[in-house]
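Asks: Those protein sequences? They're chains A, B and C, same order as listed. So the first sequence is numbered by the UniProt record's numbering: it starts at 1 and just counts up by one. So the second sequence is numbered by the UniProt record's numbering: it starts at 1 and just counts up by one. So the third sequence is numbered by the UniProt record's numbering: it starts at 1 and just counts up by one.
Read the hints as simulated data drawn from the structure, not as lab findings. A hint or two may mislead.
Some chain B residues flagged as far from chain A (calculated, every beta-carbon gap over 12 Å) [as the list claims (entries may be wrong)]:
#	residue
1	Arg380
2	Pro387
3	Gln539
4	Phe612
Sample of chain C residues at the chain A side, in silico, Cβ under 7 Å [stated by the list, open to error]:
#	residue
5	Asp116
6	Ala120
7	Leu123
8	Arg127
9	Thr130
10	Ile143
11	His146
12	Leu148
13	Glu152
14	Leu155
Everything numeric in this text was worked out from a predicted model, so none of it was measured. For every residue, glycine included, the Cβ atom is placed at its ideal position computed from N, Cα and C.
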Amino acid sequence: MAKLLVADGLRKAFGQTPALDGASISVGAGEIVAVMGPSGSGKSTLLHCLAGITQPDAGKVRYEGRKLTEMTDRERSALRRGKFGFVFQFGQLVPELTCLENVALPLRMDRVRRREAERRATEWLERLEVTDVAGKRPGEVSGGQGQRVAVARALVANPRVIFADEPTGALDSLNGERVMRLLTQSARESHAAVVLVTHEARVASYSDREVVVRDGRVRDLTGASRG
Amino acid sequence: MAIAGGRDGWTRALLAAVAMGIGVAALLIATAVPGALDSRQDRIDARRPASSGDIRAPGDAPAAANTLLMTELFDAAFRDQAVYAALVRAVGPDAPLPPGVTRLPQPGEVIVSPALRDLLASKDGDLFAPRLEGARIAGTIGPAGLAGPGELAYYLGTDKLTLDNDQAVTAFGDTNTAEFSPILALLIVVISVVLLLPIAVLIGTAVRFGGERRDRRLAALRLVGADERMTRRVAAGEALATALLSLAAGAVFFLLGRQVVPLFTLWDVSLNAGDLSPSPLLALAVALAVPALAVAVTMVAMRGVVVEPLGVTRRAGTTRRRLWWRLILPLAGLAALYPLFGDIRSSTVDNRYQIAAGAILLLFGAVALLPWVIDLVVRRIRGGAVPWQLAVRRLQQDSATSARMVNGVAVAVAGTIGLQMLFAGVEGDFRTDTGADTSRADIIAQSTNGDGRELPRRLRAVPGVTSVASILQTTAIKADKPELFTLVFVADCAGLAEALVLERCADGDVFVAKPSGNVLGPYYAAAPGDQILLGADKQLAWTVPAHLREVPGRSDPGGFNRGTGLFITPGAVDTSRFGPLEGWVSLRTDPADPDAIERVRNAAAAVDQRTFVYRLSRVDEANRFVNVRRGLYIGALVTLLLVGASLLVGLLEHLRERRRLLAILVAMGTRRGTLLWSVVWQTVVPVVLGLALAVGFGLTLGAVLLRLVTVPIAVNWAVVGLSVALAAAVMTVVTLLSLPPLWRLTRPDGLRAE
Amino acid sequence: MSIGQTFLGLLESSPRHGYDLKRAYDERFGRTRPLPYGQVYATLSRLLKSGLVEVDSVEPGEGPERKRYAITEAGVTDVDRWLSHAEKPEPYLQSVLYTKVVLALLTDRPAADLLDTQTAEHLRLMRELTRRKDGGDLAEQLICDHALFHLEADLRWLELTAARLDELAREVRSHG
Ligand SMILES: Nc1ncnc2c1ncn2[C@@H]1O[C@H](COP(=O)(O)OP(=O)(O)OP(=O)(O)O)[C@@H](O)[C@H]1O
Ligand SMILES: [Mg+2]
Numbered sequence: 001m002a003k004l005l006v007a008d009g010l011r012k013a014f015g016q017t018p019a020l021d022g023a024s025i026s027v028g029a030g031e032i033v034a035v036m037g038p039s040g041s042g043k044s045t046l047l048h049c050l051a052g053i054t055q056p057d058a059g060k061v062r063y064e065g066r067k068l069t070e071m072t073d074r075e076r077s078a079l080r081r082g083k084f085g086f087v088f089q090f091g092q093l094v095p096e097l098t099c100l101e102n103v104a105l106p107l108r109m110d111r112v113r114r115r116e117a118e119r120r121a122t123e124w125l126e127r128l129e130v131t132d133v134a135g136k137r138p139g140e141v142s143g144g145q146g147q148r149v150a151v152a153r154a155l156v157a158n159p160r161v162i163f164a165d166e167p168t169g170a171l172d173s174l175n176g177e178r179v180m181r182l183l184t185q186s187a188r189e190s191h192a193a194v195v196l197v198t199h200e201a202r203v204a205s206y207s208d209r210e211v212v213v214r215d216g217r218v219r220d221l222t223g224a225s226r227g
Numbered sequence: 001m002a003i004a005g006g007r008d009g010w011t012r013a014l015l016a017a018v019a020m021g022i023g024v025a026a027l028l029i030a031t032a033v034p035g036a037l038d039s040r041q042d043r044i045d046a047r048r049p050a051s052s053g054d055i056r057a058p059g060d061a062p063a064a065a066n067t068l069l070m071t072e073l074f075d076a077a078f079r080d081q082a083v084y085a086a087l088v089r090a091v092g093p094d095a096p097l098p099p100g101v102t103r104l105p106q107p108g109e110v111i112v113s114p115a116l117r118d119l120l121a122s123k124d125g126d127l128f129a130p131r132l133e134g135a136r137i138a139g140t141i142g143p144a145g146l147a148g149p150g151e152l153a154y155y156l157g158t159d160k161l162t163l164d165n166d167q168a169v170t171a172f173g174d175t176n177t178a179e180f181s182p183i184l185a186l187l188i189v190v191i192s193v194v195l196l197l198p199i200a201v202l203i204g205t206a207v208r209f210g211g212e213r214r215d216r217r218l219a220a221l222r223l224v225g226a227d228e229r230m231t232r233r234v235a236a237g238e239a240l241a242t243a244l245l246s247l248a249a250g251a252v253f254f255l256l257g258r259q260v261v262p263l264f265t266l267w268d269v270s271l272n273a274g275d276l277s278p279s280p281l282l283a284l285a286v287a288l289a290v291p292a293l294a295v296a297v298t299m300v301a302m303r304g305v306v307v308e309p310l311g312v313t314r315r316a317g318t319t320r321r322r323l324w325w326r327l328i329l330p331l332a333g334l335a336a337l338y339p340l341f342g343d344i345r346s347s348t349v350d351n352r353y354q355i356a357a358g359a360i361l362l363l364f365g366a367v368a369l370l371p372w373v374i375d376l377v378v379r380r381i382r383g384g385a386v387p388w389q390l391a392v393r394r395l396q397q398d399s400a401t402s403a404r405m406v407n408g409v410a411v412a413v414a415g416t417i418g419l420q421m422l423f424a425g426v427e428g429d430f431r432t433d434t435g436a437d438t439s440r441a442d443i444i445a446q447s448t449n450g451d452g453r454e455l456p457r458r459l460r461a462v463p464g465v466t467s468v469a470s471i472l473q474t475t476a477i478k479a480d481k482p483e484l485f486t487l488v489f490v491a492d493c494a495g496l497a498e499a500l501v502l503e504r505c506a507d508g509d510v511f512v513a514k515p516s517g518n519v520l521g522p523y524y525a526a527a528p529g530d531q532i533l534l535g536a537d538k539q540l541a542w543t544v545p546a547h548l549r550e551v552p553g554r555s556d557p558g559g560f561n562r563g564t565g566l567f568i569t570p571g572a573v574d575t576s577r578f579g580p581l582e583g584w585v586s587l588r589t590d591p592a593d594p595d596a597i598e599r600v601r602n603a604a605a606a607v608d609q610r611t612f613v614y615r616l617s618r619v620d621e622a623n624r625f626v627n628v629r630r631g632l633y634i635g636a637l638v639t640l641l642l643v644g645a646s647l648l649v650g651l652l653e654h655l656r657e658r659r660r661l662l663a664i665l666v667a668m669g670t671r672r673g674t675l676l677w678s679v680v681w682q683t684v685v686p687v688v689l690g691l692a693l694a695v696g697f698g699l700t701l702g703a704v705l706l707r708l709v710t711v712p713i714a715v716n717w718a719v720v721g722l723s724v725a726l727a728a729a730v731m732t733v734v735t736l737l738s739l740p741p742l743w744r745l746t747r748p749d750g751l752r753a754e
Numbered sequence: 001m002s003i004g005q006t007f008l009g010l011l012e013s014s015p016r017h018g019y020d021l022k023r024a025y026d027e028r029f030g031r032t033r034p035l036p037y038g039q040v041y042a043t044l045s046r047l048l049k050s051g052l053v054e055v056d057s058v059e060p061g062e063g064p065e066r067k068r069y070a071i072t073e074a075g076v077t078d079v080d081r082w083l084s085h086a087e088k089p090e091p092y093l094q095s096v097l098y099t100k101v102v103l104a105l106l107t108d109r110p111a112a113d114l115l116d117t118q119t120a121e122h123l124r125l126m127r128e129l130t131r132r133k134d135g136g137d138l139a140e141q142l143i144c145d146h147a148l149f150h151l152e153a154d155l156r157w158l159e160l161t162a163a164r165l166d167e168l169a170r171e172v173r174s175h176g
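Next comes chain A alone, as it looks inside the complex:
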C-alpha cells in the first residue's frame, strides 16, 4: 500500500517531560490505524505532530511525500483545512452556530457559497443519522449526536485523513459504537485514512491495524518493536 502519511523519528519534549522519543509511524491511503497506549504515553502529541498542529523537536512528517515539518504555519494550516479532518473528544463545535452551520464551516472556510455548503452539510448530517439536530445549537444536543455532527464536519470537505483523538471518550458504549461505526463506514466510503487515538480496545477494533505508543515510541504489536 502506498504510504500517505509517514512520520519518522519524531521527538518532542515539553520542558523536561519527553512526550515523544523517536516515534515512527506510517499510514496508508484509506487505512484506519488505531493508536493505543497508556495515558500520558504521547498519543495525542503524536497525533498533533502527524496533523501538523505541533512541530516536533526532531524527526520528519511527510504527507504525500511533502515534508510537513518544513512547511510554514500558513501552508500547514491550509493542508489541515483542505486534506485533514478532525474529531476530538468534546467541545469542538462552535456553540453559537447551529449544527448545520457547524458542519458547513469547513466548506465555508474554503470559500464555498453558503447555500452549496449547507446543502452538502445536510447530506452529511443525513449520512450520520443526525438530520433532526440540523437547526439546533450544540448545547441542545446529546453528546452522541454532537460527536456525530463533529464526524460529519470532519468529513464534509472530503479529507484524505481524519484525525480522531478519543472521539468516543465522553460517550457510553452504545453511543460510542454508533459513532465509531459511522465514522469508519463513512471514512471507508470516502477512502479517507483515519488516525484514531483511543485507549479502548473496542473502539480500536474498528481499525485495520493497531499500534501502541509506549514511552514516546510507537510499537507495532505484530512482532518487532520499532522506532
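Let chain A serve as the given structure and place chains B and C with the ligands on it in line with the hints.
Replies: Quick look at chains B and C with the ligands alone, frame taken from chain A:
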C-alpha cells in the same frame, strides 16, 4: 466555600477583583480630588501676602523691621507652564517668611522650587536661567510653599525693590476664594455624574467576569445536593468575597496611584501624594456601596439562569427582550429634570441632587437599551463571510455580555457629549473675547516699571523674533489746566500704525486720536498750540505743533484701543528728556521656534524683572471655568482608559474561556485571520451600536441640560465627533491589545485545556 | 494450561528436584490447587522421554526420589516457542497468561513482547468480531458483543499487567 473552585476560581476572583479594584481606586480618587484641590488652593492662599495692594503712601509710618518688600510676577511662565515668581527684599531682620521658605534670599540669591531646580539643571536650563540674573541658588521651597510638587516657583532676592513702588508685606496668608455660581455648580454635578457613572457601570461589569464558569461550578454544587437557594447564597458569598478583595485591591491601587501622582503635571496642576486623601465619609460610602452593588448585580444576573445539577440554562436566550421597562429609566430621568427647565440661573434652592438623579437615570437608559438595540439589529443579520457569521451568531446568542462590554464606553461617551454641549452653551458666561489679533503679533511685552526705551532694542535682537513694533508711553498735563491729563505716545511710524489708522506718516509727524463718543473723563485731547508739561516731574514744556493731524485710533494686536492721546514720532521732538517711558512692544516670532518666547522673556527680564510678557490668545476664560474644564478633560480621559482596561480584561477572560474551542478551530486549519476578524467584528458591532446609542442619549442629555440654563440648543458636531473618535480609538487599542493573546491562545496547547 | 512448559520454564533458571519443582509451582501458580505428586512425576517423565529435560544428577540417600532435573537445548527452544506464541483468545485465559509472564520474567525473556503479541492477537480477533457484527443481525451482534466485552476485559488485564511489569519482575525474582 465561596472562592473554592481551584485555580480557576482564584483566577476568576482575582481578575474580577483587579478590575473592580481599578474602579474602587478611581472612586477613591474621585472622593479625594476635591480635598486635594482644596489643599492645593489652601497652599496658594497661604503664600499670598496678607495685605495685598499695600503700597505705602507718602507720609506713612516708616517701614518697620518686620516688613518684606515683594512683587509677584503674575504672568511668569515657562513654555506652557505657569511659574510662581516673586521678587523680594527684606527691609528689616524680622521680615516675614513665605510658607516653605526657611531663609529669605539676599540680593543675588534665589530660592527655587525643586521642579525649577531640576529644570535649571537640565539642558533647558539655559532657557530660564537668565531670568534669575545669575543669582545663586540659596535654598529650595518646601512643599508647604508650593501649589504642587511639579510647580515651578522662585523667590528672587533683589535690592531693586523700593518702599515707594513695591508691596510691603508683613504677613502671609489671604483667603478670597470665589464662590461657585449656580451654573458652575450645575456643571460640577453633571461632571461628577458623567465621570463616575461609567465607573459604577464598570464595577457592575467586573462583578460578572467569569460568570459562565461560576455557573458551571454552581451546577457541580447542585449535583452534590445543593438546592437553588444554596447556590444563590454561594454566588452571593463569592460576589461579596470578590468585592472585599476588590476593596483591598482598590486601596492598594489607590495608594500606589497616589505615589505616582506627583510625577505628573497636567495643565499646571500637580499634586502631592499626601493631598489625595479621601474624605472618610465618602470612603465609607464606597466601602459599603461596592459590596452591595456586587451582590445586587450577581443576584440580578442569577435571575437570568437556572442552575441545574447537570448544567446551566440561560433564560435570557429564549425570552425576547422587552422594551417598555428599558424606557422607564430615561423617561424617569427626563421627568426629574423637566421641572427645572429654565430656572437654574436664578434658582436659590439646592437642586443638585435632582439634577444628578435625572442625569443618572437618563444615562442609565443607554445601558438598559443597549442589549435591546443589539438584539434588534443583530437578530435580522444573516449570511456574510465566516468571521462575520461567527461574530453575529455570538452576538445573537448572548447580546447581554457584549452589551456589558461596551456599557461603560457608551455611558462615558453619552455623558461627555451632553456635558460638552452644556459647556458650549454656557461658555459665553465665562469666556470673554480679548479682541486680540494674533495675525498681527503673537507676543506682547510691556514694561511696567522704570524706562521702557531699552525694551524694543533688546527684543529686536532676540533670535526667533521676526518683527517688532513698539510704542513708548508717558503722560502729560496741560500747562494752563494741570488737572487735565493726556496720554503721550512716542513711536516710529510702524509702531504708531499698530495703534492708529494712518494713511500717511513721516518722521516728525504728530497725531491726535479721540474716542468716538464724548467720554473723555479726566483725559483731554490736545490741540495745536496747546502747551503741555512732560517728564517725570512734569517740568518739560512742549507746544503741540500746528501740523497736528487727527486720525482714528484702532485696536493694537492685544485688542487694546488706546482711544485718546497724543502720538508723536521721534523726529518731532527730542524725547530723551521725557523721563522714563513705559514701553509696549508687540512681537511676531518664528512659528517654527516655540522657544522664542522664552528668549523674549529672558531678554525682557534683563531689562526689568517686572516686564509683562504674554502670548496673545483670542479668548480669555475665567479661571474657575478653566479649572472645571480641565477636571473634565482629565476625568473623561481617565474614565475612558479605565473602561478600556476593564474591557480588555473582559475580552481576555472571554477568550480564555474559549481557548479550547479556538485551539480546535486552529487545528482544523482555520485561518488565524478568520478568528481574528471574528473577534474584531464581535467588538466592533456592539461598539458601533453602543456609540450610536450614546450619541443619541448624549444629545438628549445635552439638550435637556441646555434647557435647564435656557440656552438655545445647538449641537457641536466637532465635540460629538471628538468624543466618538476618542472612544473608538480606545476600543481600537483594546481590540489590538487583545490580538497578541488571541494569537497565543490559538496554539495547540489549548487542545489540552480541561 | 500446560504444566509441562511451566516446568521447563522453572527448570530453565536452575536445575531442580521434582520436589522443589512442585513447591516452586505451587508457590507461584497453584495457590488454590496444589499439584499432586503423581502429576509432577508423570509430567517429568513425559518431558524426559521427549528429550526436553535430562537428569542432572542422582544423589545418594534415603528417599524415593533423589533425581535432579535440568532443561535441555530442545527444552529451551520449546519454552521459547510457547512463550512467543499467542494463546488463542478465549475467556478465562488469565491464568495461562499469568504463568507465561512469570516464566518470561524468571527466564529473562522480554515479557512485554509477550504481552504485546497477545494484545495483538486479541485485537485481531476483536477486529474480526467487529466486522462480523457490522454485517450481522441482532442475534449475531449480541453474540459478538459478548465475546468482545470478554476480550476487552482480557485486554484490560494485559494492559494493567504491562503497566506493572517492573513491579512484578521484582517480586518474582525476589522469590528466587
Ligand atoms: N502542552 C504540553 N505541555 C506540557 N506537557 C505536555 C503538553 N502536552 C503533552 N505534555 C506531556 O507529554 C506527555 C504526553 O502527553 P499526551 O497528551 O501526548 O499523552 P496521551 O497519550 O495523549 O495521554 P492521554 O491518553 O491521557 O490523553 C505527558 O506526560 C504530558 O504531560
Ligand atoms: Mg490524549
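Asks: Could you tell me which of the hints above the structure violates, numbers in ascending order?
Replies: 2, 10 and 11
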